[in-house]
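Chemist: Take a look at the letters that make up each chain.
2 protein chains.
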Amino acid sequence: MIPVTYYPVKTQELVVKNRERIKGKPYAHFFREEIFLHDDVLPFLKSPMDPAKALRPGDELNRLLEPGYQDAENGYCDLGKGTMYVASLTRFPRCTPEMFRWWFWWHSVEAERYTLWFPYNHVSAIAQNRDVLARPGLEDWQRYVENTHTVSEFIGPERSDIFIHFVDPSEFCIDTRALSSANIHGHACGHVSLQRPGIRAVSMVHLIRDTDDGFELRSRYWLGDRIELEIAGRSLNITKPAHSLGITEHVMGPGKAYEQFLHDQIEFTHLASILPDLYSEFGPGKNSA
Amino acid sequence: MIPVTYYPVKTQELVVKNRERIKGKPYAHFFREEIFLHDDVLPFLKSPMDPAKALRPGDELNRLLEPGYQDAENGYCDLGKGTMYVASLTRFPRCTPEMFRWWFWWHSVEAERYTLWFPYNHVSAIAQNRDVLARPGLEDWQRYVENTHTVSEFIGPERSDIFIHFVDPSEFCIDTRALSSANIHGHACGHVSLQRPGIRAVSMVHLIRDTDDGFELRSRYWLGDRIELEIAGRSLNITKPAHSLGITEHVMGPGKAYEQFLHDQIEFTHLASILPDLYSEFGPGKNSA
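Those protein sequences? They're chains P and H, same order as listed.
Just so we're aligned: the first sequence equals residues 0 to 288 in numbering that gives the first Met the number 0.
Just so we're aligned: the second sequence equals residues 0 to 288 in numbering that gives the first Met the number 0.
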């Protein structure tokens, strides 16, 4: 593991605030500011991947259910026509799918929990449907799938205020009946919208797969693949005009994809380092919700 | 040493161009793309320094001639009133002051040489007065002091097009008669101006001091300390109005100081790693000019 060497000034200011905010919380001892990357990810942080190795949205995503690995499990690139791509693989030794599914709703109960995940960059993630967080008898996934998180975080030096609407992987054409036989026992897939202006802008897929010592997370992001303007509760697909005007490249060029890749690597590498002990202390039956 | 983990996309594009440009140059084997930081610098990259420990422009700079070290030899901060500060110490084991003084003019002969210094971020540095580069019998310092370099480089993710006018350290109130007894046998001090708009914007001080195994470079930058508008060959001091309107904070906030600090650390740590062998191969008497 190598320490992260770049800390944008606004994230340096945020970690100081987060350090204060979390004091007194029962999980404050999991607020750990040392952040790392795996050595073998470094080459992918130094140049873009070959777009020919990217998965396109749609049926191609089922290739993530094949045994083994894709040609590019890590990287970022410009797919052309206004869409940027990110692939990211992170390892979770000592972790179980139960921990992952639990984390994806548990962190959305109060903002401070979200800061554990990436102390420098995370501000707040709050679930909009609060009822399902505490209702007895639900599966973990039922507490976040079809829920929407209101999220603020820094992606690189810039603050991003978004909504993440979590959905079943089938919405991204993934054959969910085949997940289990592919050793995939957890997912967090969603539509990401900017809050201002209210536009749906990013597709996000997280699938976790069993490994010998825990699981591995395979993340995919398509930035600008489908642009929908949300007006008065209706959704207007403006992908074609947005792409032809070059709006998505302007707002979400390769730099954004690079930052998203780096962010994903850091936050999930960090989460993997705290998740087993956090779950042991605050997981089901520990009165944590 | 730890590898640098952040490579802004435009610098990833630049290193590819630089790699091509340098092919065929006799010094191409010194184009080395692995870049590092010293482990002990990491804490200073994670939070700003205390401004009370900064040196102010003027007579205070003579404290750099005192034995030992300042309270803050590494860091960046906002000094208030529109001035940002950077302090940076880098080590040059196996290096001599002769090598440093030679480097400061030799790199300005052709653009490709400048890319050796920071392959990801350096575009070009060309001396305006070409006569003094090749004229026989001059000391190394006479080939860059009172010369101006036209420089393009990336400072963080943003390209910076500047002029660096090198001057005698006495212009920054440094007592040059006392340098030698302070074991300081090399300097590169200058006024940095933006090319567009043409404004003098930054004070830069580099002093090198003998150590047991080579020398150490102590760099200081004051961003926005003195703003001078250059119009029709005249220089108009607009520091006060620029500061009171908050222009310098806007153009050169703490983020710029942070990037300058990180840039200085990377480029000089990298230069230190190639300088002895580069000098041995291309230094005086090697027909390199």
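The hints are simulated quantities; they were obtained by calculation from the structure and are not laboratory data.
Check before you lean on any hint, since a few could be wrong.
[Unchecked claim] Quick list of the computed label-pair ranges, beta carbon to beta carbon:
(1) 149(P) with 49(H): 31 to 41 Å
(2) 39(H) with 80(P): 23 to 33 Å
(3) 109(P) with 169(H): 25 to 35 Å
(4) 15(P) with 0(H): 47 to 57 Å
(5) 49(H) with 195(P): 29 to 39 Å
(6) 246(H) with 79(P): 33 to 43 Å
(7) 280(H) with 49(P): 45 to 55 Å
(8) 70(P) with 39(H): 31 to 41 Å
(9) 280(H) with 26(P): 56 to 66 Å
(10) 109(H) with 195(P): 24 to 34 Å
(11) 70(P) with 18(H): 22 to 32 Å
(12) 49(P) with 1(H): 46 to 56 Å
Don't be surprised by glycine CBs; every beta carbon is placed ideally from N, CA and C.
Chemist: The structure should be examined with respect to each hint, and the outcome stated for every one.
Modeler: Evaluation of the provided hints:
{"no.": "1", "hint": "149(P) with 49(H): 31 to 41 Å", "in the structure": "holds (36 Å)"}
{"no.": "2", "hint": "39(H) with 80(P): 23 to 33 Å", "in the structure": "violated (46 Å)"}
{"no.": "3", "hint": "109(P) with 169(H): 25 to 35 Å", "in the structure": "violated (59 Å)"}
{"no.": "4", "hint": "15(P) with 0(H): 47 to 57 Å", "in the structure": "violated (28 Å)"}
{"no.": "5", "hint": "49(H) with 195(P): 29 to 39 Å", "in the structure": "holds (36 Å)"}
{"no.": "6", "hint": "246(H) with 79(P): 33 to 43 Å", "in the structure": "holds (39 Å)"}
{"no.": "7", "hint": "280(H) with 49(P): 45 to 55 Å", "in the structure": "violated (36 Å)"}
{"no.": "8", "hint": "70(P) with 39(H): 31 to 41 Å", "in the structure": "holds (39 Å)"}
{"no.": "9", "hint": "280(H) with 26(P): 56 to 66 Å", "in the structure": "holds (57 Å)"}
{"no.": "10", "hint": "109(H) with 195(P): 24 to 34 Å", "in the structure": "violated (49 Å)"}
{"no.": "11", "hint": "70(P) with 18(H): 22 to 32 Å", "in the structure": "holds (24 Å)"}
{"no.": "12", "hint": "49(P) with 1(H): 46 to 56 Å", "in the structure": "violated (28 Å)"}
Going down the numbered hints, you'll see the structure goes against 2, 3, 4, 7, 10, 12, while the others check out.
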